[in-house]
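Asker: So the chains spell out like this:
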Amino acid sequence: MNKKIIFIILFLILCLGSFLRLYNLNNSPPSLNWDEAAWGYNAFSVSQTLRDEYGKFLPIFTRSFDEYKSTLPMYLMIPSIRLFGLNELGVRFPSALIGVFTILVIYYLSIELFKNERVALFSAFVFSIEPWSVHLSRVYYDANEAMFFLLLGILLFVKSLKSNKLMIFSVLSFVISMFTYNADKILSPLILLFLVFVYKKELKNVNRKYLFISVCIFISFLMLFVALVVKGEALARVSTTNIFVLWKDEQSPRLYYFVWDLVGRYISYFSPYNLFLREPQEPSTIVAGNSIFYAYEFIPWLYGMYLIFKDKYKSSIVYLIMFLAPIPAMLTWNWFQPGRVMSLFAVYSIFIGLGLWRVSEFFHGFFKKIFVVGIVLYGLLNAFYLFDSINVYLPFRDNGNYQPGFRETVPEVMKIENKYDQIVIETPQSQPYIFYLFYGQYSPTRYAKELDLNYIGTPRKHFDFGKFHFRKINWEEDKKLKNTLFVKDNFDNIKDVKIIDKVKDRYGGVVSELATAN
Amino acid sequence: MAKIFWIILSGWSVFVILLIINVKAPYTITEVRESYTAYSLGQTLKDTNGKTLPILFKADGDYLSTFGVYERLLPIKLFGLNNFGIRSAGIFIGALTIYLFYLFLRINFNKIWFISIPLILFSFSPLFIKNVIFDVGSLTLLTLLLAILTNKKFRKLFSVTFLIFTLAILIFNRDYVRDQFHKSILYTYMPQNYTFQIDKRLSFGLIYGSPLIINNHNFNRIVLNKFFYATNSIFDSFISPFNFEKVSFPFQSLTVLSKDSDFSNGLPILYFWEIPIIFLTFVFVRKLPSNNLKLAIPVLLLVFLSKSKLILLILPLISICESYFLDFIIYSSDKYGKYLIYPLICFYVLNVAVISDIFIQKSDRWSTDMDMVQYKIWNMLSEGDLKNKIIVTDRFGEPVFYYLVYKKVNPEYYFSNKTNGAIIDNSVQRIDSVGNVYFRSFNFANEPKEKNEIWIGVGKDYGEKNLDLKLVKT
Chain A
1 MNKKIIFIIL FLILCLGSFL RLYNLNNSPP SLNWDEAAWG YNAFSVSQTL RDEYGKFLPI
61 FTRSFDEYKS TLPMYLMIPS IRLFGLNELG VRFPSALIGV FTILVIYYLS IELFKNERVA
121 LFSAFVFSIE PWSVHLSRVY YDANEAMFFL LLGILLFVKS LKSNKLMIFS VLSFVISMFT
181 YNADKILSPL ILLFLVFVYK KELKNVNRKY LFISVCIFIS FLMLFVALVV KGEALARVST
241 TNIFVLWKDE QSPRLYYFVW DLVGRYISYF SPYNLFLREP QEPSTIVAGN SIFYAYEFIP
301 WLYGMYLIFK DKYKSSIVYL IMFLAPIPAM LTWNWFQPGR VMSLFAVYSI FIGLGLWRVS
361 EFFHGFFKKI FVVGIVLYGL LNAFYLFDSI NVYLPFRDNG NYQPGFRETV PEVMKIENKY
421 DQIVIETPQS QPYIFYLFYG QYSPTRYAKE LDLNYIGTPR KHFDFGKFHF RKINWEEDKK
481 LKNTLFVKDN FDNIKDVKII DKVKDRYGGV VSELATAN
Chain B
1001 MAKIFWIILS GWSVFVILLI INVKAPYTIT EVRESYTAYS LGQTLKDTNG KTLPILFKAD
1061 GDYLSTFGVY ERLLPIKLFG LNNFGIRSAG IFIGALTIYL FYLFLRINFN KIWFISIPLI
1121 LFSFSPLFIK NVIFDVGSLT LLTLLLAILT NKKFRKLFSV TFLIFTLAIL IFNRDYVRDQ
1181 FHKSILYTYM PQNYTFQIDK RLSFGLIYGS PLIINNHNFN RIVLNKFFYA TNSIFDSFIS
1241 PFNFEKVSFP FQSLTVLSKD SDFSNGLPIL YFWEIPIIFL TFVFVRKLPS NNLKLAIPVL
1301 LLVFLSKSKL ILLILPLISI CESYFLDFII YSSDKYGKYL IYPLICFYVL NVAVISDIFI
1361 QKSDRWSTDM DMVQYKIWNM LSEGDLKNKI IVTDRFGEPV FYYLVYKKVN PEYYFSNKTN
1421 GAIIDNSVQR IDSVGNVYFR SFNFANEPKE KNEIWIGVGK DYGEKNLDLK LVKT
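Chains as they are written, first to last, in the working numbering: chain A, 1 to 518; chain B, 1001 to 1474.
Derived from the structure by calculation, the hints contain no laboratory data.
Bear in mind the structure is a predicted one, so any value in this text is a computation, not a measurement.
Treat the hints with care, since some could be wrong.
Listed next, the in silico DSSO-like pairs over lysine-lysine satisfying Cα-Cα at most 30 Å (straight line) [said to hold, decoys possible]:
id, chain 1, residue 1, chain 2, residue 2
1, B, 1226, A, 368
2, A, 472, A, 502
3, A, 369, B, 1226
4, A, 504, B, 1226
Derived, one-sided and incomplete: chain A residues facing chain B with beta-carbon distance under 8 Å [to be verified]:
id, residue
5, 260
6, 263
7, 267
8, 271
9, 295
10, 296
11, 336
12, 388
13, 393
14, 421
15, 422
C-beta atoms are modelled at their ideal positions from N, C-alpha and C, and glycine is treated no differently.
The task is simple: from the sequences and hints, build the whole structure.
Answerer: Pasting the structure below:
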């Protein structure tokens, strides 16, 4: 195939993928979730004071909600927040951009695996428009970045066998992936070790200098990781999400049911119904009206998997990712969490590209062109449907999944906050303080002075800071408080209250009321 | 070889009889309909619609299994309209099915491994046990299929009989043919009405604004149209049988299954380790003797066309392929393979024990809400309660047949005292009452009430406080 044509097609695919990922980031998903707000505010804080919200200097993991988030998302957000401001676009832009770059990685990885540009173009095309890859680029997901660096690491590793310098960058990519997301803490080192094992003959020919530097980098970061594990930061999230909570069930024999649970979770990531038909159930992974993949991709997916198993292609990396990727996800209590197996889905995209190409090879001449054009057009129709789902349907239907109300309420509160000595906020949402910091663009310096680390405790039990108090309003007592602003979803059936403002969302619904005592 | 067969059959029969005696599961809607129809035929030679010894049994927009009804006739006549009477019909048919499968294996395989192992896997499969106990009508299809595969004379005779029977149905009962067609996957390919779904999606853009509405032109229509929805439906239909959670993990996967349907049946029909092996079925199926391989394809097609409701028909194939897999695992290594046999046996016995435990002890987790509620309602009411006027809501599905079976109502009484309701769409005949038991939805606060009445409904039906209510919980 002519290189110029390949370049043009790839460019068009990138444009399509960019458009789907970047368009209307401010409004869809409809508001930030907790993690996005936390990363965003910590990025804002680090960019101004070099410290996170808890005052830690340039952290590797940030305490956040006591699950010690990875900080790569935070550091990536700093330039975009500087450029676009502390808002949804500033927070989400890096993830969306990485999603676009991943299209390129998929393309080049497919070239390395199959030595076939057509397969690579099909894979890149399907990846660019798939619901999971578009949506999980738009919602800030650290797993998205981890997947990018993992795939990049694999690509650079394979390429480094010819161009040895790339070995250093490959190892760095694996390490970054490992530090970015919990599932990749297991997956990345395993895949790296496997690659070393598979390519051990070729590695003997790699320049010793680069090999030595790469090994040193890996060991250094591994030691740092172990130190952070011992400190309790690196694996903090594991304690709340692991599957061993199910061991407490009363069913007998417990081991049998436990193994049944484990196997079920593992197999769920291969279940066609979950992949091609059912909407995922985890709130921030749902793309309203869409499944993970498109239904028409089922047959090429099956066929691509069959071709890989027939060992027509030397693709042991693909096997490895396919069988290893669900293991970290299998060890959590969620039955099917798409965000934890993004590397597996990337491999599925490659299967689908391979399957589509192989089916197209059954046709010849004019019919082949008709088939390819037909597939592309049908894919574009699905992408169009996805665009409508993301920009029209999802913001309304799944509004409740994205901690609604703060985006509209907090700016109104901040306009009048200096008139009051204290502000009492009652909300059903968890971690409300982070939204007040974020949407209130609260000065990190001021917050650092007002935050009492001893008072909030470990794990954090109190979210109050400065004049902001987050608790249930007990009106009989609270109405006696002087110069106090109260914020609640509504004050219906409450006497002696003076409503100052009713805050509405863009659909005209009242999301909160600001009030004082009469 | 015959010895092995008799050992397996004896063990299986004892196992199933013990299961039937001990299982406390409520009757399913299929069971109550077929059982009461069989009971009525046994007493009066008429079905519940008043027809004498019919071939087709029309029921609430559907048809009962003719086999299911007639096969229950004798056990119910002998043992009564109780748990054993209703569920023991499958013992004989199940034993016959095992025998026919044994014959099939004897014809096609010489090795004792490929006769005994598939037979064991087949006999103790949850799917087979489930059909033996709860759905003998579907089981009979498998029996007939195996009969065709094992006997040339029967095959010829059956072909002629089946052809005549099919022609008769086509000519005389178009409703039946139409209903079966609607249930098949072929119906997916017919033009259907997507208007509601499309209008719902369009409405979001029209009400809340959309970047795809430009100068009053709604570009959403490029995808929000019947062609796009119908094409997606066709692809969806290929995927819908592959619901691993429903077939093997319904207990555990409630976060994904619970939103599919309120009435999903939660009993696993495959062991969890069978799912990956079934993928390998498509590899091992090439090893089948070629004349039977040709039969495997139409059977697979039939399962696919029925949207996998007839998955039981491929259970023999699955069992054979699993035995190929086990043969591969154990005999691929001369040194270590034999050491795997005993752990595998122990593991398999554990599987069967756990499934039995699920059948017997955990019916509240896998029974449908509707069946469980009906079971509790009719077991809650005593003989004395039945003398009162009883009004039962039909929000729990069709309660009539549950009442007739649980309370063992005499068919003569049923025919004399039933009141038919209006004929609704698709010629569905509802029954308003049988004697002093009424079946309808109600609003308790607005109903005229008299003494000695029992009202059974959901909590929302009751608007008044301080009433003596017996609440039914699932």
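Asker: Could you run down the list of hints and mark each one as holding or not?
Answerer: Hints, verified against the model:
no. : hint           : result
1   : B:1226 x A:368 : holds (27 Å)
2   : A:472 x A:502  : holds (19 Å)
3   : A:369 x B:1226 : holds (26 Å)
4   : A:504 x B:1226 : violated (36 Å)
5   : 260            : holds (5 Å)
6   : 263            : holds (5 Å)
7   : 267            : holds (5 Å)
8   : 271            : holds (4 Å)
9   : 295            : holds (4 Å)
10  : 296            : holds (5 Å)
11  : 336            : holds (6 Å)
12  : 388            : holds (6 Å)
13  : 393            : holds (5 Å)
14  : 421            : violated (39 Å)
15  : 422            : violated (37 Å)
Checked against the numbered hints given earlier, the structure breaks hints 4, 14, 15 and satisfies all the rest.
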